[in-house]
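Asker: Which chain is which? The protein sequence lines are A and B, in order. Read left to right, the first sequence gives residues 3 to 219 (this note's numbering). Read left to right, the second sequence gives residues 3 to 219 (this note's numbering).
Hints in this document: simulated from the structure, not taken from any laboratory. Note that this is a predicted model, so its numbers are computed, not measured. Incorrect hints may have been included.
Said to hold, decoys possible - Below are the DSBU-like pairs computed for lysine-lysine, each with C-alpha atoms no more than 30 angstroms apart in a straight line:
{"no.": "1", "chain 1": "B", "residue 1": "K35", "chain 2": "B", "residue 2": "K46"}
{"no.": "2", "chain 1": "B", "residue 1": "K103", "chain 2": "A", "residue 2": "K103"}
{"no.": "3", "chain 1": "A", "residue 1": "K216", "chain 2": "B", "residue 2": "K80"}
{"no.": "4", "chain 1": "B", "residue 1": "K80", "chain 2": "B", "residue 2": "K216"}
{"no.": "5", "chain 1": "B", "residue 1": "K216", "chain 2": "A", "residue 2": "K178"}
{"no.": "6", "chain 1": "B", "residue 1": "K169", "chain 2": "A", "residue 2": "K208"}
{"no.": "7", "chain 1": "B", "residue 1": "K103", "chain 2": "A", "residue 2": "K208"}
{"no.": "8", "chain 1": "A", "residue 1": "K46", "chain 2": "A", "residue 2": "K20"}
{"no.": "9", "chain 1": "A", "residue 1": "K123", "chain 2": "B", "residue 2": "K178"}
{"no.": "10", "chain 1": "B", "residue 1": "K209", "chain 2": "A", "residue 2": "K216"}
{"no.": "11", "chain 1": "A", "residue 1": "K189", "chain 2": "B", "residue 2": "K216"}
{"no.": "12", "chain 1": "B", "residue 1": "K169", "chain 2": "A", "residue 2": "K216"}
{"no.": "13", "chain 1": "B", "residue 1": "K169", "chain 2": "A", "residue 2": "K169"}
{"no.": "14", "chain 1": "B", "residue 1": "K90", "chain 2": "A", "residue 2": "K178"}
{"no.": "15", "chain 1": "A", "residue 1": "K189", "chain 2": "B", "residue 2": "K208"}
{"no.": "16", "chain 1": "B", "residue 1": "K178", "chain 2": "A", "residue 2": "K216"}
{"no.": "17", "chain 1": "B", "residue 1": "K189", "chain 2": "A", "residue 2": "K178"}
{"no.": "18", "chain 1": "B", "residue 1": "K41", "chain 2": "B", "residue 2": "K103"}
{"no.": "19", "chain 1": "B", "residue 1": "K20", "chain 2": "B", "residue 2": "K103"}
{"no.": "20", "chain 1": "A", "residue 1": "K189", "chain 2": "B", "residue 2": "K103"}
There are 2 protein chains.
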Amino acid sequence: MKIAILGTGTVGDTIGSKLIELGHSVMMGSRTKDNVKAKAFVEKHGSNARAGTFSDAAAFGEIIFNCTSGGASLEALKMAGEQNLNGKIIVDIANPLDFSKGMPPSLSVVNTNSLGEEIQKTFPLAKVVKALNTMWCGIMVNPAMVNNGDHNTFVCGNHEEAKAEVKRILTSFGWKNENILDLGDLKSARGTEMFLPLWLQIYSAKKTGTFNIKIVE
Amino acid sequence: MKIAILGTGTVGDTIGSKLIELGHSVMMGSRTKDNVKAKAFVEKHGSNARAGTFSDAAAFGEIIFNCTSGGASLEALKMAGEQNLNGKIIVDIANPLDFSKGMPPSLSVVNTNSLGEEIQKTFPLAKVVKALNTMWCGIMVNPAMVNNGDHNTFVCGNHEEAKAEVKRILTSFGWKNENILDLGDLKSARGTEMFLPLWLQIYSAKKTGTFNIKIVE
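Please take these sequences and the hints and turn them into a complete structure.
Answerer: The following block contains the structure:
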């Protein structure tokens with residue numbers, strides 16, 4: 003499949019690299035055509051990797067992964083261009099963390115709204131699926147690295163077939179079907195984004211990001 | 003120990019009943035002296051149980067459990083009387099859920115503040131410990147009912163000796179020491195309170211409240 007990764011940070015590199023390993027063609031998009039990290043990504047992966055602007059990447063991809071930082075996501079997606087997003091799945095991995103008021107970070111969109119919902123409202127013809135935003139990126143693409151892969155990830159969104167497609171991708175990353183919990187429509191992105199402050203506190207208490215939560219009954 | 007339970011709902015009844023089972027003397031406090039649920043609590047438990055106003059209960063208790071609903075907690079604690087709270091541990095189990103704007107509930111205090119911090123600011127000579135607010139009350143006092151008791155609970159607060167005392171109480175409820183995670187000062191109450199929207203979504207997806215989260219590495 004042709005996939006766009008918006009964002010050249012660790013999350014984008016991690017997701018993009020995994021998708022290439024799985025045989026997909028990936029274009030990493032950034033603000034400019036000549037982003038150093040995007041070029042390094044292409045050099046590392048060869049012919050299945052490409053680099054371009056947000057707009058180039060979104061036009062290329064059949065599915066778009068939003069791996070930009072939450073505070074910059076809406077602007078990056080606007081630069082990607084609504085016409086390049088319409089009808090496509092946007093897998094939104096970003097969290098609207100706001101470090102401007104010091105630590106702990108607060109959320110710039112919260113409580114009665116979420117970044118996922120904001121993206122959906124801004125691009126009503128795209129199909130936003132919130133996913134993977136509740137853990138460190140290494141675990142997103144390699145769930146087996148903690149507790150033999152037995153822990154949970156969430157999906158939510160307003161389009162059932164889009165969620166089903168994202169679940170297939172998660173399964174290809176190594177997630178067991180029974181550990182992918184569908185929380186319903188995109189309003190549930192509020193909950194998964196609002197988990198971040200607790201995630202950061204657990205990270206701080208345990209001094210490691212290599213953990214996830216498992217729902218036990 | 004003499005313990006005050008503020009609030010006559012399911013949470014107060016559950017915590018109060020467990021404390022009596024463990025040999026403590028408990029006074030359940032409510033807005034009025036003749037609350038029907040508080041009277042039933044006394045009838046159920048006999049001589050180790052008492053009922054009174056918020057003020058009666060707070061004066062009686064060496065430790066205060068805030069089991070009121072979050073939106074009413076500050077008012078209830080004000081009725082309890084600052085002089086009855088000063089120097090004492092307040093175990094704050096409440097969540098500031100606001101159902102007034104429909105489902106899903108939002109939080110009335112959130113993001114850059116928390117109910118736990120508000121209580122501490124309002125009663126600066128009390129020792130607020132946020133605890134147990136991330137699960138259904140049945141599990142709070144009987145962790146063994148899910149996953150053989152192997153899952154997590156959090157404490158946070160600005161007073162180390164108060165947190166140590168609350169940890170001892172949690173241990174007496176059946177919590178394993180290694181599963182009680184100290185998240186640091188009371189700012190961390192933001193994270194545990196902001197977990198509630200995700201909790202409610204998991205509850206809705208799984209159609210049961212008999213679950214908790216376990217941190218896996």
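Asker: Look at each hint and say if it fits the structure.
Answerer: Against the structure, the hints:
1. B:K35 - B:K46: This hinted pair holds, its Cα atoms lying about 17 angstroms apart.
2. B:K103 - A:K103: This hinted pair holds, its Cα atoms lying about 28 angstroms apart.
3. A:K216 - B:K80: Outside the cut-off at roughly 39 angstroms; violated.
4. B:K80 - B:K216: Given that 30 angstroms is the threshold and the Cα spacing comes to 35 angstroms, the pair is violated.
5. B:K216 - A:K178: holds (17 angstroms)
6. B:K169 - A:K208: Distance of about 18 angstroms is within 30 angstroms: holds.
7. B:K103 - A:K208: violated (36 angstroms)
8. A:K46 - A:K20: Status holds; Cα separation ~12 angstroms.
9. A:K123 - B:K178: Given pair K123 of chain A, K178 of chain B is violated - Cα atoms ~45 angstroms apart, limit 30 angstroms.
10. B:K209 - A:K216: Distance of about 17 angstroms is within 30 angstroms: holds.
11. A:K189 - B:K216: Between K189 of chain A and K216 of chain B the Cα gap is close to 24 angstroms, so the pair holds against 30 angstroms.
12. B:K169 - A:K216: OK: K169 of chain B and K216 of chain A at ~23 angstroms, within 30 angstroms.
13. B:K169 - A:K169: violated (40 angstroms)
14. B:K90 - A:K178: At roughly 47 angstroms apart (the allowed maximum being 30 angstroms), K178 of chain A and K90 of chain B break the hint.
15. A:K189 - B:K208: holds (17 angstroms)
16. B:K178 - A:K216: holds (17 angstroms)
17. B:K189 - A:K178: The given pair, whose Cα atoms are some 35 angstroms apart, is violated under the 30 angstroms limit.
18. B:K41 - B:K103: Violated, at roughly 33 angstroms.
19. B:K20 - B:K103: Judged against 30 angstroms, a Cα distance of about 34 angstroms means the pair is violated.
20. A:K189 - B:K103: holds (14 angstroms)
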